[in-house]
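Enquirer: Listed below are the residues making up each chain.
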Amino acid sequence: MDKLHFGVAYYDEYMPTSRVDQDIDLMKKAGVTVVRIGESTWSTLEPRDGVFDFTSLDRVADAMGQAGISVIVGTPTYALPTWLVKKHPQVLATTQTGQNRYGPRQNMDITDPAFLFHAERVIRAQIGHLAGHPAVIGYQADNETKHYNNFGSAVQLRFVEQLKARFVTTDALNAAFGLDYWSNRVNAWEDFPPVEATINASLAAAYAEFQRSLVTEYLAWQVKLINEYKTPGQFVTHNFDFEWRGQSFGVQPDVDHFRASKPFDVVGIDVYHPTQEKLTGAEIAFCGDLARTLKRDNYLVLETEAQGYPEWVPFPGQLRLQAFSHFASGANMVEYWHWHSIHNSFETYWKGLLSHDLQPNATYDEAVVWGNEVARLGPHLVNLKKTNRAAFVVSNNALSAIAAHKFYFRDLGYNDILRRLYDAVYRLGIECDVLGPDEDFTPYELLFVPGLYAASDRELERLASWTEAGGTLVASLTSGFANEHVKVRTADQPGILSRALGAHYRQFTRASALPLTSKWNLAKADNVVDGWFELLESDGAEVLARYDHPHWGKYAAVTLNRFGRGWGAYLACQPSPALAEAAVQDLLTRTGQLATLGHPTWPVVRKTGVNSLGRRLAYYLNYSDSASKVPYRGLRGKELLTDRGVNTGETLTLERWGVAIVEEDRLGL
Amino acid sequence: MDKLHFGVAYYDEYMPTSRVDQDIDLMKKAGVTVVRIGESTWSTLEPRDGVFDFTSLDRVADAMGQAGISVIVGTPTYALPTWLVKKHPQVLATTQTGQNRYGPRQNMDITDPAFLFHAERVIRAQIGHLAGHPAVIGYQADNETKHYNNFGSAVQLRFVEQLKARFVTTDALNAAFGLDYWSNRVNAWEDFPPVEATINASLAAAYAEFQRSLVTEYLAWQVKLINEYKTPGQFVTHNFDFEWRGQSFGVQPDVDHFRASKPFDVVGIDVYHPTQEKLTGAEIAFCGDLARTLKRDNYLVLETEAQGYPEWVPFPGQLRLQAFSHFASGANMVEYWHWHSIHNSFETYWKGLLSHDLQPNATYDEAVVWGNEVARLGPHLVNLKKTNRAAFVVSNNALSAIAAHKFYFRDLGYNDILRRLYDAVYRLGIECDVLGPDEDFTPYELLFVPGLYAASDRELERLASWTEAGGTLVASLTSGFANEHVKVRTADQPGILSRALGAHYRQFTRASALPLTSKWNLAKADNVVDGWFELLESDGAEVLARYDHPHWGKYAAVTLNRFGRGWGAYLACQPSPALAEAAVQDLLTRTGQLATLGHPTWPVVRKTGVNSLGRRLAYYLNYSDSASKVPYRGLRGKELLTDRGVNTGETLTLERWGVAIVEEDRLGL
Amino acid sequence: MDKLHFGVAYYDEYMPTSRVDQDIDLMKKAGVTVVRIGESTWSTLEPRDGVFDFTSLDRVADAMGQAGISVIVGTPTYALPTWLVKKHPQVLATTQTGQNRYGPRQNMDITDPAFLFHAERVIRAQIGHLAGHPAVIGYQADNETKHYNNFGSAVQLRFVEQLKARFVTTDALNAAFGLDYWSNRVNAWEDFPPVEATINASLAAAYAEFQRSLVTEYLAWQVKLINEYKTPGQFVTHNFDFEWRGQSFGVQPDVDHFRASKPFDVVGIDVYHPTQEKLTGAEIAFCGDLARTLKRDNYLVLETEAQGYPEWVPFPGQLRLQAFSHFASGANMVEYWHWHSIHNSFETYWKGLLSHDLQPNATYDEAVVWGNEVARLGPHLVNLKKTNRAAFVVSNNALSAIAAHKFYFRDLGYNDILRRLYDAVYRLGIECDVLGPDEDFTPYELLFVPGLYAASDRELERLASWTEAGGTLVASLTSGFANEHVKVRTADQPGILSRALGAHYRQFTRASALPLTSKWNLAKADNVVDGWFELLESDGAEVLARYDHPHWGKYAAVTLNRFGRGWGAYLACQPSPALAEAAVQDLLTRTGQLATLGHPTWPVVRKTGVNSLGRRLAYYLNYSDSASKVPYRGLRGKELLTDRGVNTGETLTLERWGVAIVEEDRLGL
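Chains as they are written, first to last, in the numbering used here: chain A, 1218 to 1886; chain B, 1218 to 1886; chain C, 1218 to 1886.
Hint data in this document are derived by calculation from the structure and do not stem from the laboratory.
All the given hints hold, so there is nothing to weed out.
Remember, identical chains collapse to one label, so a pair may be satisfied in a single copy or spanning two.
Using 25 Å as the maximum straight-line C-alpha spacing, the simulated SDA-like pairs for lysine to any residue come out as follows:
1. K1846 - H1768
2. K1381 - A1425
3. K1303 - Q1316
4. K1602 - E1856
5. K1623 - T1314
6. K1303 - G1315
7. K1512 - W1461
8. K1304 - A1405
Please read these numbers as outputs of a predicted model, since none were measured by experiment.
Bound-form chain A, shown alone (with noise of 0.2 Å):
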């Protein structure tokens, strides 16, 4: 991608009435360089059986084309039209609670043959409709993809048939999965039950994955169908998102990230993430750092909210600085989901650009402004390449195996575990790449493993390794407990990690906060760990935090050991927010990292790469309602935005939510 995009998700169809004119004289006002449109429109698309209407599309497309203005097509297929239900109602997946129903969007089976079916016809249709058109530069292939909770009977043949051709006989299963536990061990293949009411979590963690499985297969298979028409220089991406913690972070339970994105020319996100008092980055640089790392490359923001929710309305400033947020991580477009607010039906109040009123609004006129910048600097933005030196490292696997044991986790979930550590490493101005843990960790100096529950001997050993050969590993509680198919280890806790660290432990606990003797000056409200802890016992790694408690007390709770030419570190706890950075930094200013790698001066954040001049870059972000100050500590260069000349060391005055880009004057690394 040659150029910085803005982008708006276009529903020419939700229109009240058609207005594609007026929105473009709006769009090109803002700066506006790019629309997506046809994502979730089958009904309108093939309002019959086999009858293709393509009347919208086109004159969105050739409107947009005429004004300059480039098109994404999405394919319509994560909604279906009421026509295919009522012919094949089996296109509707089955999930624990029953069939679904007719209504929402993402409701079907999507291994389902008539799905299939209809869903390559609507594809092949509209794709080579369009694929043509001079307007569009890439496609998006459905939207959102998770396989709905399927349940339905054909899958779970499947998924027995892949369990055989694993395990060959049902001992091996029996042995790996433990199945004798509550006389659940299978003695012949056809006597398989259903796996919705599994209390095995090896059990539920594989068929979790085998889910996982199906959307990387359907996304593949569109991708192929599409590949079939899209022209050089057009791409094709997926709208991925992460978990749903009322904003966007973490983990998608749902989808393999780094298997489902593979056939895709380049990864697209959506990031939702909440403003006003609560705006902090963390949510845009955590999707960001994900995304980036999936294909080493640049990604878009194909969806992120201008207004969203209505108790996420910006603040003054906060709209831009969320824009630059995204383009300082990499980012190569930034597209609101969506235009304009919906007259009708469900996201209502999910609000657009424009409100109902489809008229300028204090958000769309700072969505001007950034526009203008970014129309102006977009050559010195566009490809931002970093090369960072640390990396969190995170798994589908372990997610599903903590969830399989949320009856004891409670209200712990994995991406609990990794929000707490990622924030405190964000706050210290660490930048980082996200890797799953399958990948080459040679690159990295630090490694970051929260929660890494389940794991296979191979990957610990590898981790164990890697520290020893001089990594630094920052690995946090239930980490290696149990194997890849989710089996608790035997072994001394954090199994086969114990060694790198220096510690182990035989028992664990919970506590209600409960605080650590340390040397870090934290108040008393923020000395404190929750929930499970575990009882960890120092095998010669230095004891930096133990636990405040009569009979825990010779427990450790922080540690730190070094192993061969690396450091192993371990958090046997989850801290409260300042207690995790506290923790992270002290561990961090022993290892010299910090200084090397950090720049600690929260609420502003610094975040680099070279861009395409060549010429290292600095974004300044100041998530804070007041102004700040920062010191600038790169070479001499020029702040973009204000076109202004910058010494190394000059102070840079940030204004409240406000944004600052140094480009170095000296070609970059």
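Please build the complex by placing chains B and C on the supplied structure of chain A, with the hints as guidance.
Expert: Below, chains B and C alone, put in the same frame as chain A:
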């Protein structure tokens, strides 16, 4: 009705042993004048298919008649007999969660032919048998009728037929309801999908309105049947109830009271409300105001609690205060549900006037007091007429529309908005009628329009014109936003009303305990708005309060606008109760109407009217556990309960939970 | 049983690799004397329909036998094998929410013929195979058996047959259950509707009782089968559990312990309870008191936690204190569930004595301590006999009746009322038996009757007569209210008991933190009652506490009445724990029984009995994280753990969570 009635629901069928004579002795002592019988006793009345047994009804009617106590006969149809369900299982309605099961009341499909066939037969048998009985003064058709969330396939087919009749083409429907969104577009009537899982708010609200029409139709059908039997002087009524919020209040989501009440001779209601420290009279007032307005006539309180929930056992004085509160609102009957507490089954602890011991108790003893007072004063109290200059405008459609957007409005329902405003007005002593949006506003000078989220252009224009012509309009948040099909307007908000209010908004957001900047002197805890609020901008209106917030401080929260010869006021947020009262007090002080229509002497509430002797009555009701003093501002008259003269300007002293009723000596207006 | 047992549940089947010999070494070191095997392993024992595999059972039984460890064989029937469900899907019970699904334990229809056929066959095969094994000392029939909420049509037909047998006519049934209410009247047996959605509390309670009878019947059937095989000296037991309240306590809603325990040779129970700061011994005491009373004999603790939930990992000293607490209540066995922590599936984090590493840990080390103490002292501790003069009277029917009125009782359940009173009595050091309402009260001088909501006239009259004859009756709120059919009495309340208590009430209400007026000197936060309370009026009883309230202040909250030669005391409310203790303390000080039966030295609890050597033992159990002192009031004796002489009047010092056991030198009473 020429008599003020003290009634009780009486179930001879439920008695451990028959004791009609003993009960009549206790009733006569208390002044009971009427009993309601028959309601919900189908399985006793028709023990086998087509076999009727009138023993119990006859015994009670005869004994009451001999004792001079009148009888209201309730049709038994609100609970199904076992044999009917056994033979015709389809009489149990199907809801979103499947078919209802035997056990509870109110689980039937009121449109099912098998149900209607058997209901008609039992009604004809029962009413035919009792119509000529001299004790019978009237009938109650069914009880608290609703649609019971009927989503059966037969009623859904009728719904589609009605849509087809209204919209003719699916294109028109798709446009009105915005069905293109998420591929919900219907391209042929025969494709119409089941609506139970719809995510389209327009469709959901339309179905809710359709469901309410089923209730209107069913009740009219029962009235028609009964009318074939009723003799001159007998009346037909229904026991309408209100939204159940742990107490009776607000617009009933499942019934259109305005339409459903038409065929009845007299309106009946039930009112259940908290007592003890929580007794304020507000529920009695609102429910009475609506009931009285439906036919612009007196109404019957067919059910209210004697003891009710255990936590509602009245403090000494409260039972009497409650009875007079009803009469002061225009009720001609106060009937307890129920005479005796029930010894088995479900409502065992919804206590009657007698406890399970069937002996006098403190609550019964107090009923004896007011029963005898009313027996003495009846001719002064019966048929109290009011001519209110103020009214609330309420809307079933707005309620359904807000409910359909619950995902965004969260715990803010229509009746929450209504109640916040009603309580403020009630405490300021302004007596109101309660109108539907279609009614004639010309008799009024002051209209309160809370949360009129969905309304047609015509409805809003009528309100604006009425204001311009001299009315005072007090509207509150979300009003005017969407049209009658729940399509959000593209106009400036509050759509169409904006001109009358001299203010508009384009954005809204949410808050938690956000203070306002105003001249009202409120405690910090009271000076807060919560949840949804609108970023209102004045176009000329005077701003009485703004948000106290660094970014939203420039927007208005409460405004008042001179519009033609009238006033348009707007509350753009959901204030705390005290804040709502302060705002309304300020607004109506400025318009002058607090002085002319109000009586702000809370906790003493004054209610007035003209009795059938042509004299003005003023009730003074002390909702307080302490004695209160209140100035008497009427003409010289007599306090009826004490038979004592009262002069203008005299101070009335009310004991804790006390009552005074002053009848002016002069014939009233 | 002639030996005090230290047991563990042992699942060779669940081990990652077989390690019986290694486990036996660790067991022998700790003093383990018995293992329970076989329970819930049907799919291993009978891998295919009719094919049995005893490998695992034989391996364990042989190895244990050689090591001198005894074996209890559990029948495997509490979890279903996959093949059985595949072939006969009807073995999964149908509940109110549909048919159960495969996966969990305890999901079967224990009355289904296909289930019973296969259960019988596997039991005969297993027990037939192992009965002659020299290590086997006994059998456990099934495990924690319940009715699993069985609402299948076959059992419902049986229920109606039983009603018909009991009531003969539907008229009699209608009268007893008050079915006329809401048209629930049944006019022909063939009309009887399904009961799963009933709103009739009488019917609900009767069905609950019927469901409990299914458990009684099923367990008797298993015992009969096993008895055909058991050899002299072997016993048959069952693992009864209690209401699961996040811990074991109270009357089990789904089992009638009094009836179901009859066919067994010895009573077994499981007791799971909080530890750490929350260890009080109350659950151990209550469950033991009930278990001991069932057969007036010693009992087995077949399951209790070693580590249990993560938050239950014991503090140092607690595991040992818990074991002695069981023995002090009359247990002859303490068996942990389970030996090793499970590496897969569901109860992975319900930790055993060994953690997943299968190595010694702090908890195991403490088991070694008490295991060896018990091995040494066993002959002094085994078969401890008690002759209590005080008892609680508990009732399954009262529990079901209160549960059926949950809408009104809210979060106040029967076991809440029971526990509030039991905890008070326990802390005052009064040892109690726990009786059903039908039992002989003459051996007792003090009866506690909490919340006996539903009871027959005969039951209440027996209590009244026993009181009049010299007993001290302490009853609490709701007692006597309804008869055995859950029909509320028309008598003064507390029905029939009113005379014995010298007080009555006609009304009741609810409160939140309502204080009492009394002479007890309680902190403000403790001097409160919550929820339901009765407006009690004395008819001669002394009033020890009144409600501190402007209107309810004239009513009594706690009364004591001289009745004949006895005392009748009543708590008309649910007091705070401290208030309950103060009330009971005052009551029993006045009756003199605190001095004769109590030992109010909390947090040290004394439990006594006579051992099989004919000597009185007194256990002193310190439920505190601090050392405590307690006066020794027995005759001269020896502290067994330290082998040190103790004189009367001497002060015993107990370390934190410490234990002392004094055996009197003289032969006991």
